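**Q** Given these sequences and hints, build the entire structure.
Going down the list, the protein sequences come from chains A and B.
Going by the working numbering, the first residue of the first sequence is number 80, and it counts up by one from there.
Going by the working numbering, the first residue of the second sequence is number 7, and it counts up by one from there.
Keep in mind that the hints were calculated from the coordinates and are not lab data.
Keep in mind the model is a prediction, meaning the values are calculated, not measured.
Some hints could be false.
One-sided and incomplete, this derived list gives chain A residues near chain B with beta-carbon spacing under 10 Å [to be verified]:
| # | residue |
| --- | --- |
| 1 | Ser122 |
| 2 | Pro123 |
| 3 | Gly163 |
| 4 | Asp183 |
| 5 | Cys387 |
| 6 | Ser395 |
| 7 | Pro398 |
| 8 | Ile400 |
Result set (SDA-like, lysine to any residue): computed pairs, CA atoms no more than 20 Å apart in a straight line [what the hints assert, rightly or not]:
| # | chain 1 | residue 1 | chain 2 | residue 2 |
| --- | --- | --- | --- | --- |
| 9 | A | Lys197 | B | Asp244 |
| 10 | B | Lys139 | B | Glu32 |
| 11 | A | Lys94 | A | Val177 |
| 12 | A | Lys402 | B | Ala52 |
| 13 | A | Lys167 | B | Ile291 |
| 14 | B | Lys166 | B | Ser155 |
Every residue gets a Cβ at the ideal spot worked out from N, C-alpha and C, and that includes glycine.
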Amino acid sequence: MKVAFPYMGTVVVYKKLLELLGHEVVVPPRPSQKTIDLGVKYSPEFACFPFKVIIGSYIEACEMGVDTIVTSGGHGPCRAGFYGEIHKRILHKMGYDVDVIIFDAINRDKDRFIENVKKVKGKNSWLKLAKAIRFTYDLLKQIDVFDKEIHRIKPYEEVPGSAYRAWQEIQKEFDSAYDKKQLKKAVDRSKEIINSIRLKKVDEREKIRIGIVGEIYVVMEPSINMEIEKVLGELGCEVERSQYLSEWVDFNLMPSFLKKTHEEEVLKKGEKYIEIIIGGHAKQTVGFIVDFKDRGFDGVIHLMPFACLPELVSQSIIPKISKEHDIPVLTLSIDEQTGKANNLTRIEAFIDLIRNKKLGKFVV
Amino acid sequence: MKIGIPKALLYYYYGPFWKTFFEELEMEVVVSEDTNKKLINEGIKASVPEICVPIKIFIGHCIDLIKKDVDYIFVPRMISIYKGEVFCPKFMGLPDMLIHGVEGMEDKVLTCHIESKSDDISDYRNYIDIAEKLALPHDKLKKACRVASEKWYRFREYNKKGYHVLEAIDMVNNSVKIESTKRSDSDVKLGILGYVYNMYDSFVNMNVIDKLKSLNVDFITFDMIDESELRKYIDDMDKALFWTFSNKLLGAGYKFFRENEVDGIIHITAFGCGPDSFLGKLFEIESDDTKLPFMTIRVDEHTGENHLQTRIEAFVDMIRRKKAKVMQWGDKIEGSISLYGDSSCL
Ligand code: SF4
Chain A
80 MKVAFPYMGT VVVYKKLLEL LGHEVVVPPR PSQKTIDLGV KYSPEFACFP FKVIIGSYIE
140 ACEMGVDTIV TSGGHGPCRA GFYGEIHKRI LHKMGYDVDV IIFDAINRDK DRFIENVKKV
200 KGKNSWLKLA KAIRFTYDLL KQIDVFDKEI HRIKPYEEVP GSAYRAWQEI QKEFDSAYDK
260 KQLKKAVDRS KEIINSIRLK KVDEREKIRI GIVGEIYVVM EPSINMEIEK VLGELGCEVE
320 RSQYLSEWVD FNLMPSFLKK THEEEVLKKG EKYIEIIIGG HAKQTVGFIV DFKDRGFDGV
380 IHLMPFACLP ELVSQSIIPK ISKEHDIPVL TLSIDEQTGK ANNLTRIEAF IDLIRNKKLG
440 KFVV
Chain B
7 MKIGIPKALL YYYYGPFWKT FFEELEMEVV VSEDTNKKLI NEGIKASVPE ICVPIKIFIG
67 HCIDLIKKDV DYIFVPRMIS IYKGEVFCPK FMGLPDMLIH GVEGMEDKVL TCHIESKSDD
127 ISDYRNYIDI AEKLALPHDK LKKACRVASE KWYRFREYNK KGYHVLEAID MVNNSVKIES
187 TKRSDSDVKL GILGYVYNMY DSFVNMNVID KLKSLNVDFI TFDMIDESEL RKYIDDMDKA
247 LFWTFSNKLL GAGYKFFREN EVDGIIHITA FGCGPDSFLG KLFEIESDDT KLPFMTIRVD
307 EHTGENHLQT RIEAFVDMIR RKKAKVMQWG DKIEGSISLY GDSSCL
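**A** Here's what the structure looks like:
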């Protein structure tokens with residue numbers, strides 16, 4: 080089968096897994112204005128923004144001749160878990176003959192889960208499947224380490240742009256690894272690449288650290304969040320996100336006895352403000368704000384898709400958290416009309432404010 | 007002690023229960039005013055701009071209650087009333103939003119977790135948090151639940167006999183006896199799809215119900231239908247929606263579309279409602295397939311009531327003409343209706 084998947088974050092990972100299982104994989108084009116326009120045209124007006132971008136890229140993938148789309152499901156309470164169902168109906172209404180395989184949590188419908196796995200597994204043995212999953216998982220873990228590192232050092236690069244060039248190279252390295260040995264080599268090479276980036280010496284006290292929190296899609300997909308990490312890096316800030324794919328996997332797919340993840344701690348920190356999990360990443364959002372503060376970050380940017388249900392709850396509460404924990408937070412709502420220029424101005428002003436506050440603290 | 011109950015959101019479904027419950031606990035119950043312009047504006051001011059109209063209205067009602075000097079405002083955390091389903095995230099985070107997001111609410115919110123397997127939310131364990139906070143003995147709580155539950159069942163019984171929510175509330179409050187189903191001599195029957203807080207708040211819907219009455223149109227809503235009946239139509243879906251009330255509407259919608267018992271369908275939806283963006287799409291697909299007249303009314307800012315009147319009249323006219331001539335109907339009507347004329351951006 081000729082298969083595609085939703086475009087989000089480090090796409091080499093999904094590609095890898097499907098390739099290892101012998102499928103012909105079509106990586107949908109990186110979301111562009113065209114993707115967004117298509118998405119908006121074929122989505123309900125009030126669907127959330129990620130829904131629109133994703134259907135846009137499915138349409139592009141269908142145009143490229145895919146016959147199968149693999150995606151994850153969910154069980155609410157936010158809309159994401161229902162995306163697949165509606166996407167499928169829209170694609171079929173548009174006349175595309177495409178199978179949408181939706182992976183829901185195994186305990187929701189065991190038979191269907193197994194059936195889905197079988198579809199994706201194809202003729203491969205179960206052992207091969209297990210190996211492929213294991214390998215992809217290792218790869219994911221490793222690549223995220225570099226993703227984080229790049230955005231930590233980016234503001235200090237001596238040659239502008241060198242960190243991003245390095246990141247492109249690193250992704251290529253990982254893309255060409257298909258077994259353990261090659262993976263090890265990719266990791267070693269990536270380390271070398273990182274080490275070769277020349278860095279300026281910057282006084283600890285002048286460093287600015289910004290955390291990014293919010294709904295997973297807009298946090299993870301640079302093409303629709305104005306490449307916020309890059310923008311912040313260019314403004315001289317270290318950046319860390321609340322979401323990395325490997326952490327999502329750890330938290331959502333690992334059996335609970337292995338689940339001593341950082342995210343658990345973060346959820347605890349959010350509990351005072353949002354008592355229970357209400358869907359999406361609302362509770363993580365508030366928890367991470369507290370967590371970033373605890374870890375010495377200077378500010379937080381909160382990204383939410385326009386009218387995102389759970390994030391509206393967090394947005395309502397953020398002013399209080401910001402005040403109680405004395406950490407500046409900027410909320411940016413993202414949609415098809417997000418004036419890029421307007422948001423950039425707001426980000427710059429926000430960083431100025433933080434810098435002044437910080438310098439003010441150290442000037443005696 | 008004075009307890010305030012906001013006349014918003016699920017008041018239109020569980021109001022008879024909650025009111026009786028607190029009265030049984032020997033409290034003075036104050037229900038907020040009917041939704042009005044002033045109250046909405048207060049709600050708008052106190053909430054984040056992008057949030058949906060019903061939540062803004064709810065917040066407005068809470069502010070109204072504070073002014074009425076209540077000791078507490080009852081804001082339950084609605085989690086689930088059907089296995090495997092939940093409420094919209096905003097319902098689940100409602101107390102948080104008030105406590106941490108609206109000035110002056112921190113010590114006023116009285117909350118509890120409501121989790122049940124069916125519409126019946128009378129299990130006393132749902133209200134334990136309240137008992138604890140107010141130091142009430144459990145047997146008293148149990149009794150209050152029992153009495154309230156009886157009242158609520160009676161309300162539902164009237165409701166299911168064809169009396170709409172407001173009529174049914176009125177009937178239980180005045181202990182009206184009824185024997186049979188509501189009768190009507192109307193020639194046109196519509197299915198009205200919408201959440202209770204959009205359908206029965208006469209400010210939000212600009213008196214749709216009265217308008218239908220004045221046009222001598224009979225109508226049926228999801229709350230008049232038995233749960234098992236609603237479920238019949240969504241059970242065979244690969245995956246239904248996650249939100250119980252959206253699923254009730256979906257079931258009702260499918261029933262209306264497929265069973266030929268109504269002449270047309272109106273979907274009332276509020277600006278900014280997330281679940282409805284999906285629900286609406288499913289209805290649209292369905293109306294495409296069944297060719298039953300279908301109209302969406304979306305309530306948001308900037309409107310005239312006249313506009314709504316005109317559209318409903320046109321819709322009903324069309325149906326009457328169609329019935330007279332049995333002409334072919336293909337198109338669906340869509341568009342937005344808004345309200346709150348000059349109020350700022352919602
Ligand atoms: S979390 Fe927000 S953006 Fe994501 S599906 Fe839910 S409502 Fe939509």
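**Q** Next, verify each hint and record whether it holds.
**A** Structure-based check of all given hints:
no.	hint	in the structure
1	Ser122	holds, 8 Å
2	Pro123	holds, 4 Å
3	Gly163	holds, 8 Å
4	Asp183	holds, 8 Å
5	Cys387	holds, 8 Å
6	Ser395	holds, 4 Å
7	Pro398	holds, 8 Å
8	Ile400	holds, 8 Å
9	A/Lys197 x B/Asp244	holds, 18 Å
10	B/Lys139 x B/Glu32	holds, 15 Å
11	A/Lys94 x A/Val177	holds, 18 Å
12	A/Lys402 x B/Ala52	holds, 17 Å
13	A/Lys167 x B/Ile291	holds, 12 Å
14	B/Lys166 x B/Ser155	holds, 16 Å
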